[in-house]
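**Student:** So you can see what is in the structure, the chains are spelled out below.
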Amino acid sequence: MNRSQDSAGQVFSPQGDLTIYTAQQHKEQLLLAINNQTTLQINLAEVTDIDTAGLQLLILAKRESMRRNIAMSISGHTRVVLDVIELCNLSGFFGDPVFIPSDPSDKGTLA
Amino acid sequence: MNMEQAFQTFLAESSELLQDMEDKLLGFDSCDDCAESVNSIFRAVHTIKGSAGLFGLDEIVAFTHVVESVLDDVRSGSFVLDEQLINLLLQCKDYIGKMVDSIDGEAVLMAPEDLTVQAVLEQALGVYLNTEHSTAATALVGIDDADTYQSVSVIESDSAMANENWHISVYFGTDVLRNGMDPLSFIRYLATLGSIVHIETVTDALPGIEDMDAESCYLGYEINFHSSASKSQIEEVFEFVREDCQLKILPPYAKVSEFIDVIDTIQNDELRLGEILVRCGTLTQRELDNLLEMQHAVKEGGTHRLIGEIVVEDGLASSEVVTAALHKQAQGKKAKEKQAQTVRVDAEKLDHLINLIGELVIAGAGVESEAHLTGIGNLMESAQTMTRLVEEVRESALNLRMVQIGETFNRFFRVVRDVSKELGKDIDLHIDGADTELDKTVIEKISDPLMHLVRNSIDHGIESPALRAQRNKPATGNVKLNAYHESGTIVIEVSDDGGGLNREKILQKAIANGLVSAEAELSVQDINKLIFEAGFSTAEAISNISGRGVGMDVVRRNIEALRGTVEIDSEYTVGTTIRIRLPLTLAIIDGFMMKVGDAFYVVPLDIVEECIELNTNHNVGHDGRSYINLRGEVLPFIRLGDYFSKTGGSAKRENIVVIKYGSLKAGFVVDELMGEFQTVIKPLGPLFERVPGISGSTILGSGEVALILDASSLIHLVMQRDGKAISAAAKQSALH
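Sequence lines, in order, name chains A and B. For the first sequence, the residue numbers in the working numbering are 169 to 279. For the second sequence, the residue numbers in the working numbering are 914 to 1649.
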């Protein structure tokens, strides 16, 4: 778990699993990251697994930042995160540009 | 229908479905509509899974589920059904069949070695599932994006079909995550049952960040789901969380009232949910507007309970109801049409009917002969009409038992495929006369001997590719199954273009085994028939397919037990044809009745060629050499009176009945010709079973007993006798 302050504001970059087992910790970190900020960046590049609890946290972050008028963006979507977001049809909700990793086995992903 | 009956139906249905699955798999390479084939294979597995679940056969459910998953992926086009997968699925089919067979009482009892087979199969299937997973993951971004990114436009164009889909509305309880379950996995599993046309994640229940408990679940989903699965199957997806979630499943063509119900019970904010439904493509905006209006009106009127009624009164809603009703009706009609095509009847009932008709035939014959005795014209006429009707009833009753042999033949595609692969030979199976009909009991009893003959043809008949090349034959061997009717018998041929019988080798082996003496003179047919002797095999190598020298004698015995015969035509290095000749039916035949002294004899009418008077010119057979010149042909004959040792004065005029069996012809000399007679075959008691020349008995209308002659054994007897007589005569003349 890294929380760093940079010029663009707070960066929340959870590491490892973003699942029910770690959800409580991540939520506290997120709460810290979101408080008294104008921008929030969530970097998911280090996320290895995500489940409903993790997804809920992302939704929570998005909703909360919308409510507080914080510009929030998610970057570094990994495959597992993308899968879940797509499965739940939430890419529109988050509205982040998604960088699709070019993997030779991923035929047709850019279609 | 009680449970036991249902269970029997399950067993019968399973074997039919598995057979269908096998046919489809084997015919996959050559089928026109591959998608339909895959669908029906899938349906077969799916139905078995469903039925097995009904009876709590969890082992079958678990295994078929894996197979089904793989098939579903094939269906969705994740990978193609190639040779390798067909083989694997065939093995799975066999294994499912084995599981079904092993059901004892209420449980599947599989031997430990079978379970290892299962593990191997499941692992092999798992490979397909895993590769599918990774492709599915990439596909999610690729293909599904067409749905999600441009969701609005897709839904608009989809709105016309939207009603065809299920709508699933599921809201998970707060403790679901803590109970170790992940709602996402249910959605993923749901996606395996069909395709998620559109999904909306409902996050409204998510509280503010301070109040939110990260370990509670606040999510709900509205899903527009396209699938051929049943409601209970969809419900099963959520089985583990059923207690812990609010689940509403609306079938395709659901009524508006049901949507109102969903909106009412699941969500307080109906506007929001209505929008979601529209976004899912489940409802169109117009439908939603109407719906909300209606709901509003209903609420204002305070008659909340009457939603259904008001909905029906409304024009638009009732049209939907009508659509749903029409759809259901169409489905019902389809099912009915299918039912009308075939009726499943207990074989026992059918046997009972045939028995009764047999008795009716006997009784009818009695009535007719009594009527003749009275000499009353009207009575005679009525009796005749009745006899004709009884005949017709008999015909159609016997037809009930007739089935086409094609189904039995088709089974051999699998055998040929498997065995030829095992032996490294390339063999095609050709089938002719698949629509030839014969008695079901005969078919059942003939399929094992046939199986043996086919395996023999593949193993011993067709040469190895190298040898075929040496003999200038095409590398692909041919095995042919053929069936046709010939003079009251059915002929089934198993032929191959393989090596043929090596008669010299057979004779040597037979002499070595002591089956024949070294100086015996054997005809070509006789030598060929040696392969049907017990313990006879010329194969140098014993394979696990054939070559042990048991089998062919069993084949012959089985066929003889059906009153049939076997012939072999074979030419060394060119090929072999084995011809099985069987009576059409086992129960009732059209007979031809003859009388010798005071005894009645019956032969099947179909084998009677002609009847001629035996006059003194013909009567040359006093020294046992009985043959006449029939229009320039030698016709050996037998005096039935002599054969059955009937004493008594010979009649003034004797008749000769010319019988043709296969290629053989012989005459039976009798005193009187009685004519056509419907014969109900009654088996002989065990004491007389082995009497040569008689195959059964029948009861005449008068209560007298007539013997049914076994034409094939009598003809062979005549041939043997004459053969001996001729060779004896030849020897005598040689001595002189």
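These are calculated hints, taken from the structure and not from any lab test. Computed from a predicted model, the values in this text were never measured in an experiment. Careful, some of the hints might be misleading.
Unchecked claim - Okay, the calculated bits of chain B under chain A, using three or more residues with CB under 8 Å as the criterion:
| hint | stretch |
| --- | --- |
| 1 | 1106-1114 |
| 2 | 1118-1125 |
| 3 | 1259-1268 |
| 4 | 1336-1344 |
To be verified - Some chain A residues well away from chain B (every beta-carbon gap over 10 Å; in silico):
| hint | residue |
| --- | --- |
| 5 | Val179 |
| 6 | Asn204 |
| 7 | Gln209 |
| 8 | Glu214 |
| 9 | Ala239 |
Even glycine gets a Cβ: it sits at the ideal position worked out from N, Cα and C.
**Student:** Taking the numbered hints from earlier one at a time, note which ones the structure violates and give those numbers from smallest to largest.
**Tutor:** Numbers 3 and 4 - these are the hints that the structure violates, sorted from lowest upward.
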